[in-house]
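From first to last, the protein sequence lines stand for chains X and S. Mapping the first sequence onto the working numbering, position 326 (from 1) lands on 326, and the numbers just tick up by one. Mapping the second sequence onto the working numbering, position 329 (from 1) lands on 329, and the numbers just tick up by one.
Think of the hints as simulated: they come from the structure by calculation, not from any bench. Wrong hints could be hidden among the right ones.
You can't tell identical chains apart in this list, so a pair holds if it fits in one copy or across any two.
Straight-line Cα separation of at most 25 Å, BS3-like style, residue types lysine-lysine; simulated pairs [claimed, not checked]:
#: 1; residue 1: LYS526; residue 2: LYS359
#: 2; residue 1: LYS286; residue 2: LYS377
#: 3; residue 1: LYS377; residue 2: LYS196
#: 4; residue 1: LYS501; residue 2: LYS312
#: 5; residue 1: LYS213; residue 2: LYS377
#: 6; residue 1: LYS359; residue 2: LYS202
There are 2 protein chains.
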Amino acid sequence: MKKHNIILQPSGRRGQADEHTSVRSAARELGVEIESICAENATCGKCMVLVEEGRFEKYNIDSKRENLSPVSNEEAAYFARRPKLLKDKNWEVGQVRLSCQAKICGDVLINVPEESRGNKQIVRKSASNRAIEVKPSGAEYLVSMTPPTLERPIADWERLAKGLETSMALVRGTEEKLPRWYEFEIDYVCLRTLAKTLREAKWNVTVTVREDKEVIAVQAGYHEESYGAAVDIGSTTVALYLCNLRTGEVLASESEMNPQIVYGEDVMSRIQYAIDQPDGLEKLHKAIISTLNKLLKQAAKSANMSLRASAKQSVHNEGIASGKEQERPRNDISLEDIHEMVLVGNSTMHHVLLNLHPKDLGLAPFVPTIHKSVDIKARELGLHINPSGNIHILPTIASFVGADTSAMIVAEEPHKQDENWLLIDIGTNAELVLGNRKRLVCTSTPTGPALEGAHVEYGMRAAPGAMERVHIDEVTLEPKYKVIGVDGWNTDHAEFIGHVKGICGSAIIDAVAELFRAGIVDSRGKFKKELSTTRVRQGESGWEYVIAWKEETSIGRDIPITQQDVRQIQLAKAALFTAARTLLKRSNLESPDKIILAGGFGSFIDKEKAMLIGLIPDCELINVYAVGNAAGDGARIALLNIEKRNEIDTVTRKVERFELPTDPEFQNQFMLATSFPHMSEPFPHIAHLIPNRKADPMAKKFMK
Amino acid sequence: MKKHNIILQPSGRRGQADEHTSVRSAARELGVEIESICAENATCGKCMVLVEEGRFEKYNIDSKRENLSPVSNEEAAYFARRPKLLKDKNWEVGQVRLSCQAKICGDVLINVPEESRGNKQIVRKSASNRAIEVKPSGAEYLVSMTPPTLERPIADWERLAKGLETSMALVRGTEEKLPRWYEFEIDYVCLRTLAKTLREAKWNVTVTVREDKEVIAVQAGYHEESYGAAVDIGSTTVALYLCNLRTGEVLASESEMNPQIVYGEDVMSRIQYAIDQPDGLEKLHKAIISTLNKLLKQAAKSANMSLRASAKQSVHNEGIASGKEQERPRNDISLEDIHEMVLVGNSTMHHVLLNLHPKDLGLAPFVPTIHKSVDIKARELGLHINPSGNIHILPTIASFVGADTSAMIVAEEPHKQDENWLLIDIGTNAELVLGNRKRLVCTSTPTGPALEGAHVEYGMRAAPGAMERVHIDEVTLEPKYKVIGVDGWNTDHAEFIGHVKGICGSAIIDAVAELFRAGIVDSRGKFKKELSTTRVRQGESGWEYVIAWKEETSIGRDIPITQQDVRQIQLAKAALFTAARTLLKRSNLESPDKIILAGGFGSFIDKEKAMLIGLIPDCELINVYAVGNAAGDGARIALLNIEKRNEIDTVTRKVERFELPTDPEFQNQFMLATSFPHMSEPFPHIAHLIPNRKADPMAKKFMK
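Chain X on its own, in the form it takes in the complex:
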């Protein structure tokens, strides 16, 4: 057999291919996947490549069009239907080829354009801005069957399975032994409509196969897209991302308040509700399922609106539209087209979603029903996507380290690092994961609602009118602040007057840190009473510091930070800090190499202030990252890449769990951690912020 050189760009992969091998097959041999969905019938056009012409000294080859087989009739027909595409891209037929058709007859240098590449990547924001490969659990295959006759009346499923084997073999075409057709399975609900679909489709269908094995959808005609939804069920907010499973693109993001909030604000009160009320679990479960169904509907609607808008624009604006989009009108995405969902949430949200009673999560020894990831048919949970579609729920790790933490690990990948990373998801409960590729440890701790602005005298959620930043001058002890919805500091212009409503979580951290830094409260959190400012005063419920006088507010009252507020923050930060300290100690570490703050709250707080009050351990500020909704990102990654699901199953099984309350030193350490840290050794990175203060003996004791 004669062999020729083939070089693939932009990957730079090169090697030799037998004469008459198709470019697509040759590329695959060299590890370069090129898309195809039409079983190499020259109809989908997904596998387009470009032949680069000329002498390539580096590879010692002359690449020319003639070194590929002549353009076939099918290929010519394909391109003839797409004059606009050729014009827009400035391509000529012969230069551009369908790689399933073009056979190698001489040396060639082939350019694989982005849109034809098999394993697409999406780049996401994370501590490392890494790219995610799209490897969905399912794949679409076009199957064309010979209709049954009296001579060959083989059953519909067997006819489809045999055809599918052919299509899969062509599309995959690996050397490995393929699963034989009778090893395929078909979901029962999908089977029920099979006969009708095949006949209506005149025996040409697109088949969605899950994990190379189970047929979960059969659609008449040619369909290249498949959709999925990733969901993060927070105690407060439910966020859903509708994604294209082939490209990885997010088509719509929708969120809603968690409707369970009416049955209890935090997870413990919801567990109590499920224990106290005979139909408590049923109500909580139905509430979340109906919200998920609502979000799915909204997301499909939003996605369709924007897809229609862009299709319309592409018709009007010839310069932007690609030929293909114009020629094949896009169908609206229906809920049936959503073939998969991945969900995450804390252990309680996880249990309620699965209709598992959370009772034992709420009573000692706090045991979940299951850690392992769960796969379940959409119809079993009553989720209104394709009823044959799969619902995947990420594993829980410990009693209070849930599937959201698993998702955070998937997103941030501490298990692939040499450095030691500390991941913290801060909310009413905080989950912490510390470690690297060798070892991961985790724990969780309740932090109370103070960090989210609740149970604080003038606390409020982050919304217009909420203070979001506070600064206190060390000398005059006068404050300045920023308010959500208004630019700049309140001292900059008069617009602020009459605007302030309350204090949100990030401003509370700021305020407490500033009170400490400015010497208004001591390291134990007590107000000093001898200060020369009218802002520090004896209020209704004890000592307080007024940040905004009533004239500045929309509520007609002074807005102070009270002794009680400071105390709340002290308890929250002590819990978080003790948890982090325990993990570090168990890992024999002084401090982490990186701190990653996940969750909405982590994105808004001032890292420096958080470290100043000791909310997070000491670390170089440049190595403290806020990554936003890492749990949502992790859910999306697990949705788009099935290998990540196995990875997280394996990783979470190995994570070591520490239950703080069983740590003999916990109570003692916790009490010590309520004091504020300062310029002693363990906090070198914030020492410059508080230059004039003496070391606090208690803080020293704690650090040992």
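Dock chain S against chain X, hints included.
This is chain S only, laid out in the frame that chain X set:
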């Protein structure tokens, strides 16, 4: 390591075992399975064995009690609780041992009593009276867990799975690498009650594992029994067998009319109903599901009644009861305890059961939706056994060769024979399978309702008052007959007068055969008119032969066999005979080595008469077997033995299907086959019955 000889009776297996190996482990090494369900904790007593004492020259060993480890405290305690058992069996402790406890310290000859043997066998009636090994799809394991603590709050499922791994390893203990605990799965519905069950059970549960992989039931405490139901859905009758999945015993047999009969008497009219009515399929489907649920309930009730009756008797009658039954009161069987069902039926019944539209089965080219066997959760079909239980439906083979034929194959095993067997299931439709271990061919043919007594002038179902046998004297042309419910022939005594109501299927075959044998009708089925008997006469609808005068009947009218009746039988037998002939020809066979008649009808007809009219091909009469409900037997076999399911899947895939209507010779052959065969070569086995008749030229032509 010191080794000792061990001989196991009654199998005669022998070999060597390491010192201190348990007798059970050593037996397993030698391929002798001994039961155990308590994870070798000396509590279930399933593994009892007997030490035979003495010198065994054949094996050159001295076997004695002292060659096993002393009776352990646990063992002694087990036997101390069962004085009656020891007394009844005349066993002494030390002679009888728990094989999981007794360790080998010297040469021994061990007797494994029937009840301790691992793979039980049940003997069933079939053409070969073969024994069926009981190898159910699931197995029970006792799992005892340490309760969770604050220090070790691992989730319930993981705790159970780890415990299960231990129990399974002990029970199985093969050298192969066992699946690790995290490869186990748990059914979703079972998961939902897991937390509650484990706590109520104080962490001691019996776990039912399906196919060594999926947990489908978790019950508090110790349960050794598991139940299953096998069902044959006939167009007319639905028969259900409730079985003990461990012993294979049938605990109850229940049957009901198929409720779909109100929507159409035969399958074609039911298919038409489903096509014509918008909710036709839904009605048919719901009707069968609700009948199945009714049968399940009845079967559980019957089984409980007889179990209670026998338990009561065993208390009263010490001589009969075994010690164990008295000591452990049997719990009632609930529907939840039924863990599996296997169902069979013709293609239409199969489709309606699965809620698959039968439309394309009824319209050319007559295509089923699926051939492959189907596994589906009980809850998906709405069958009221354990909702996590599996429903297995055997494969269909061709358009009109359904899962009932698959079951017949499982029951009769033509695919394991050297001889060529012809299996015929006779009903309104007849299915035929011919062949041996090398090749199986099948076909089906409609036979019309005549063979079941319908559409015959005075036809009726086999019920009291129906003629079941007819004989006609060759000389006098006078008949005699037998009636269901009365002993002897009508000519024997006067009791018959006023009893006869009609003619059932078997008597119609008899009557037509006798009319032909006595020369009243010719080989083309025409009445001869010149005969000297008043019984042959011109009736209302043509010529007829009166079998019973009106005085003999309960209906006050003469009961004749009419020309029309003879014609009906001719058409039915021609269809059946042509089908059989076609299969023989395609297999290059003159005649089969054995004919197996399945179905109720096959059990009642006179084999000789059936051959005389050419309903079945020529064969030695001794090699024609009626095996009763082979489909029901096959369902039961597939229920009890999971390997049989794989076997039938493999076998049915290879069966060659012939569609008669597409056979170019079919019409011609069919017309020829309407004539009655006689003493020409192809029917040597019935030639003696009709010695005085000449060869019919048409019959000769047909046989070529």
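Hints, verified against the model:
When the C-alpha separation of LYS526 and LYS359 is checked against a cutoff of 25 Å, the pair qualifies neither within a copy, at 39 Å, nor between copies, at 82 Å. Both within a single protomer and between protomers do LYS286 and LYS377 lie at most 25 Å apart by alpha-carbon distance, with minima of 17 Å and 23 Å respectively. In this assembly of identical chains, LYS377 and LYS196 lie within 25 Å of each other by CA distance both inside one copy and across copies; the values are 22 Å within and 24 Å between. Taking identical chains as interchangeable, the C-alpha atoms of LYS501 and LYS312 are never at most 25 Å apart, the minima being 44 Å within one chain and 80 Å between chains.
Proximity of LYS213 to LYS377 under the C-alpha cut-off of 25 Å is found in both arrangements, the shortest distances being 15 Å within a copy and 19 Å between copies. In the homo-oligomer, the alpha carbons of LYS359 and LYS202 lie at most 25 Å apart only across protomers (16 Å), although the nearest pairing inside one protomer, at 53 Å, exceeds that limit.
In this structure, the hints that do not hold are numbers 1, 4, in rising order.
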